[in-house]
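Protein chains: 2
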Amino acid sequence: MNCQIICVGTEILLGDIVNTNAATLSKELASLGINVFYQTVVGDNARRLEKSIKDALVENDILILTGGLGPTADDITKEVCAKVMGVEMETDKKQLDRIREYFSAKGVMMSPTNEKQAKIPKGATVLENDNGTAPGFLLEKDKKIIVCLPGPPREMKPMFENKAKPILEKYSSSRLVSHNVRMIGIGESDMAHRAGDLLGSENPTVAPYAKDGECLLRVTAKADSVEEAEKLCEETLEKIFKKFSKYIYGVDVNGIEYAVVRRLREEKLKVAFAESCTGGLCAKRITDVPGASEVFECGVVSYSNDIKNAVLGVNKHDLDNYGAVSKPVAQQMAQGVRKLSGADIGVGITGIAGPGGDGTDKPVGLCYVAVAYEGGCVCREIKSARKDRDYNRITASSAAFDEIRKTIDIIIKRGDI
Amino acid sequence: MNCQIICVGTEILLGDIVNTNAATLSKELASLGINVFYQTVVGDNARRLEKSIKDALVENDILILTGGLGPTADDITKEVCAKVMGVEMETDKKQLDRIREYFSAKGVMMSPTNEKQAKIPKGATVLENDNGTAPGFLLEKDKKIIVCLPGPPREMKPMFENKAKPILEKYSSSRLVSHNVRMIGIGESDMAHRAGDLLGSENPTVAPYAKDGECLLRVTAKADSVEEAEKLCEETLEKIFKKFSKYIYGVDVNGIEYAVVRRLREEKLKVAFAESCTGGLCAKRITDVPGASEVFECGVVSYSNDIKNAVLGVNKHDLDNYGAVSKPVAQQMAQGVRKLSGADIGVGITGIAGPGGDGTDKPVGLCYVAVAYEGGCVCREIKSARKDRDYNRITASSAAFDEIRKTIDIIIKRGDI
Numbered sequence: 110m111n112c113q114i115i116c117v118g119t120e121i122l123l124g125d126i127v128n129t130n131a132a133t134l135s136k137e138l139a140s141l142g143i144n145v146f147y148q149t150v151v152g153d154n155a156r157r158l159e160k161s162i163k164d165a166l167v168e169n170d171i172l173i174l175t176g177g178l179g180p181t182a183d184d185i186t187k188e189v190c191a192k193v194m195g196v197e198m199e200t201d202k203k204q205l206d207r208i209r210e211y212f213s214a215k216g217v218m219m220s221p222t223n224e225k226q227a228k229i230p231k232g233a234t235v236l237e238n239d240n241g242t243a244p245g246f247l248l249e250k251d252k253k254i255i256v257c258l259p260g261p262p263r264e265m266k267p268m269f270e271n272k273a274k275p276i277l278e279k280y281s282s283s284r285l286v287s288h289n290v291r292m293i294g295i296g297e298s299d300m301a302h303r304a305g306d307l308l309g310s311e312n313p314t315v316a317p318y319a320k321d322g323e324c325l326l327r328v329t330a331k332a333d334s335v336e337e338a339e340k341l342c343e344e345t346l347e348k349i350f351k352k353f354s355k356y357i358y359g360v361d362v363n364g365i366e367y368a369v370v371r372r373l374r375e376e377k378l379k380v381a382f383a384e385s386c387t388g389g390l391c392a393k394r395i396t397d398v399p400g401a402s403e404v405f406e407c408g409v410v411s412y413s414n415d416i417k418n419a420v421l422g423v424n425k426h427d428l429d430n431y432g433a434v435s436k437p438v439a440q441q442m443a444q445g446v447r448k449l450s451g452a453d454i455g456v457g458i459t460g461i462a463g464p465g466g467d468g469t470d471k472p473v474g475l476c477y478v479a480v481a482y483e484g485g486c487v488c489r490e491i492k493s494a495r496k497d498r499d500y501n502r503i504t505a506s507s508a509a510f511d512e513i514r515k516t517i518d519i520i521i522k523r524g525d526i
Numbered sequence: 110m111n112c113q114i115i116c117v118g119t120e121i122l123l124g125d126i127v128n129t130n131a132a133t134l135s136k137e138l139a140s141l142g143i144n145v146f147y148q149t150v151v152g153d154n155a156r157r158l159e160k161s162i163k164d165a166l167v168e169n170d171i172l173i174l175t176g177g178l179g180p181t182a183d184d185i186t187k188e189v190c191a192k193v194m195g196v197e198m199e200t201d202k203k204q205l206d207r208i209r210e211y212f213s214a215k216g217v218m219m220s221p222t223n224e225k226q227a228k229i230p231k232g233a234t235v236l237e238n239d240n241g242t243a244p245g246f247l248l249e250k251d252k253k254i255i256v257c258l259p260g261p262p263r264e265m266k267p268m269f270e271n272k273a274k275p276i277l278e279k280y281s282s283s284r285l286v287s288h289n290v291r292m293i294g295i296g297e298s299d300m301a302h303r304a305g306d307l308l309g310s311e312n313p314t315v316a317p318y319a320k321d322g323e324c325l326l327r328v329t330a331k332a333d334s335v336e337e338a339e340k341l342c343e344e345t346l347e348k349i350f351k352k353f354s355k356y357i358y359g360v361d362v363n364g365i366e367y368a369v370v371r372r373l374r375e376e377k378l379k380v381a382f383a384e385s386c387t388g389g390l391c392a393k394r395i396t397d398v399p400g401a402s403e404v405f406e407c408g409v410v411s412y413s414n415d416i417k418n419a420v421l422g423v424n425k426h427d428l429d430n431y432g433a434v435s436k437p438v439a440q441q442m443a444q445g446v447r448k449l450s451g452a453d454i455g456v457g458i459t460g461i462a463g464p465g466g467d468g469t470d471k472p473v474g475l476c477y478v479a480v481a482y483e484g485g486c487v488c489r490e491i492k493s494a495r496k497d498r499d500y501n502r503i504t505a506s507s508a509a510f511d512e513i514r515k516t517i518d519i520i521i522k523r524g525d526i
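Protein chains in written order, with our numbering: chain A, 110 to 526; chain B, 110 to 526.
Treat the hints with caution; some may be incorrect.
Pairs count within a copy or across copies, as identical chains cannot be separated in the list.
[What the hints assert, rightly or not] Dumping the calculated DMTMM-like pairs for lysine to aspartate or glutamate here, alpha-carbon to alpha-carbon at most 20 Å:
#, residue 1, residue 2
1, K136, D153
2, K225, E297
3, K492, D470
4, K202, E120
5, K215, D321
6, K136, D170
7, K274, E237
8, K331, E120
9, K274, E264
10, K425, D153
11, K448, D415
12, K496, E237
13, K160, D170
14, K163, E343
15, K250, E120
16, K320, E264
17, K266, D321
18, K225, E375
19, K351, E188
20, K266, D467
21, K340, D361
What the hints contain is simulated information worked out from the structure, not anything from laboratory work. The structure displayed is predicted, hence computed values, not measured ones.
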């Protein structure tokens, strides 16, 4: 089966939006063993959209379109698809009601333009939108399949995964299985070097990736069934676990904050954060995880020295002597927030995120991450070579989660609970 | 002038790489007044690449290709371009020397495969690569222009900007200017409905966009010079300001947190956050803005009732009576963090982000945002129809910034400082 992805939206052609939908769908389709040979982006223009769809239907069995399902006049994707496939549009009563409910639930009057969103090509299977107003659809005719999905990734992704994917799976014989072994504390080239000949294997393949100071090895196998593909992955995964055990924080997890929340729950431990340079990013990341309330109760963003002293009890003298970005201050922040919150583990983070310095001779990218627990307080110094504020904040928060991970092991080993 | 962007790389079709090059180039070309009607991605496959280039040449004067300039066998972009344009490949002596130097500078022997990178279509203008080995080129023949650029963004971007753009500018007589009028507190369909015939205008054009509970109108004008284009925008912008003054928080700003930090700085006011459901997202967003330390000193993430009481002084009785997600609790959080921090404005946010409920009959997506200031405390109730945790947290934090914006106006009106 060959599939072409067509993303519709002038805003993509103007460069205002990076086309993440194409990447998301390509990954999903690869996992179904469906080939994607082309991705196309076309604007909200009926003639060019019609041309793109007709051209794509020549070489492909499946077209997946995203975008242009909105309420405004320039949202034309559904209408053009119906025209090319030679079917009429008709209002789906159920969808119209859903859209009405959606607005009344928000206590807002539905604008008349939204009625347009309830129109669907005749004979199409409706793909309901659990995260917005615009329904999608799957239309099969003359051995060709057209799938229309909304543009906003938050609506598109779950609609594809939960509504479209189960239908498309039936059309593909082979299955692709991927596992991401996620690591922290090792660089990509170092990881690739140590992985050695694993990177040369054919089925499964092993590919290295790096992002924001973390890296991962992706193991991918292709077979007739998911079970066979899983079998093919096993041995290679074992080898990777042996080689990199020290750095691996999880397999197929969303991120280190998810792995840490799971560990804290298992061990019935609670954590609290005192953040300076990360400015609430650690708290934000841990509360991204549903159910974080079991392990996280309190975070303090102490951006000024006064607050570090008044709320966390950091010693004024040390703040003056060593400066806010120093090991003693990070440690007192960790101890202070642990005391304030009554958590088992207190984390203190202070650093210079950039782009500018802090007025001292300390370099941008310097950061101290301290972790306090019953009877101990460790502190790690991080030096990033970059002036990139965003990058330095993300890597510092990831380092904090890595330190929590190690601290849990220490506490458990000591039987400290 | 019409231009098509063709990005070459199987890794993009597998979804392993998000195609940021297309967005980067589209933005650049738009500013040059060059139309981009299609973006295409094709794999490292000679037949399909040749077909894509031929198809693109029918409707376009300019093609810009990225990727496939590497040293390996599957890097075929240059060769296929030369074939389609009917010219030979030849080694560029100067480039060969540059590549040799590049490696010797790194103290590495150049592998013979890298010689391939010095080959350029006959008659093409070389675009030197200041950030890697692969040179690009611009080839003009029969009134058609093909530009080839490397795939890695850190090589592609500077090469386009410094080497290709100055040449392409000459081919375009017109210039494009865009302004984004950003709003909050109004839905996209409502905004589009009220904008009415503005959306129909030709030059400037006005287009509606929505994201994460915010929306914007983009005004785009085309003229012979930037100055004329700006003139064309003015009148339309005025009309938009009149119609939507209540909702507009900024023009061409990165986000509402940037607009709020600017306002707070102007008025020399400080803000503090007490966050429950947003779990540090407000603090994270305000500290995303460089220089936030002037207006933000303290944030408290009070995820549990104990912390709401112990750190922020929220009344236990009210927590039990009204529940954590209630107006009185939001207001006491705002007042508590204002007191704790000594800030001019205290913000309290409590709600149910989802996906699960809070064990009461309160709906997922319900959120209270309170803002306390000298002599007053306002509270806004938000109802999101979605169970999407991420979406609800972002929209709640944006609503908080919106309330700060309104509160600053109140304070200033009252001459309260």
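Okay, the hints, checked on the actual structure:
1. K136 / D153: between (25 Å within a copy, 17 Å between copies)
2. K225 / E297: Answer is between: at 14 Å across copies they meet the 20 Å cutoff, but 49 Å inside does not.
3. K492 / D470: Answer is within; shortest intra-copy Cα gap is 14 Å, inter-copy 48 Å.
4. K202 / E120: neither (31 Å within a copy, 42 Å between copies)
5. K215 / D321: between (37 Å within a copy, 15 Å between copies)
6. K136 / D170: within (18 Å within a copy, 33 Å between copies)
7. K274 / E237: For K274 and E237, the Cα distance is within 20 Å only inside one copy (13 Å; across copies 45 Å).
8. K331 / E120: Classified as between; 16 Å across copies, 36 Å inside a copy.
9. K274 / E264: within (14 Å within a copy, 37 Å between copies)
10. K425 / D153: Classified as neither; 60 Å inside a copy, 55 Å across copies.
11. K448 / D415: both (18 Å within a copy, 14 Å between copies)
12. K496 / E237: The answer is between: 15 Å across copies meets 20 Å, while 45 Å in one copy does not.
13. K160 / D170: Close inside one copy (16 Å) and across copies (18 Å); limit 20 Å.
14. K163 / E343: neither (41 Å within a copy, 40 Å between copies)
15. K250 / E120: neither (30 Å within a copy, 31 Å between copies)
16. K320 / E264: Classified as between: cross-chain Cα gap 11 Å, same-chain 25 Å, threshold 20 Å.
17. K266 / D321: So K266 and D321 pass the 20 Å test across copies only (15 Å; inside, 23 Å).
18. K225 / E375: neither (49 Å within a copy, 44 Å between copies)
19. K351 / E188: Neither way: K351 and E188 sit 55 Å apart in one copy and 34 Å across, limit 20 Å.
20. K266 / D467: Neither. Shortest intra-copy (41 Å) and inter-copy (26 Å) distances fail the 20 Å Cα cut-off.
21. K340 / D361: within (16 Å within a copy, 53 Å between copies)
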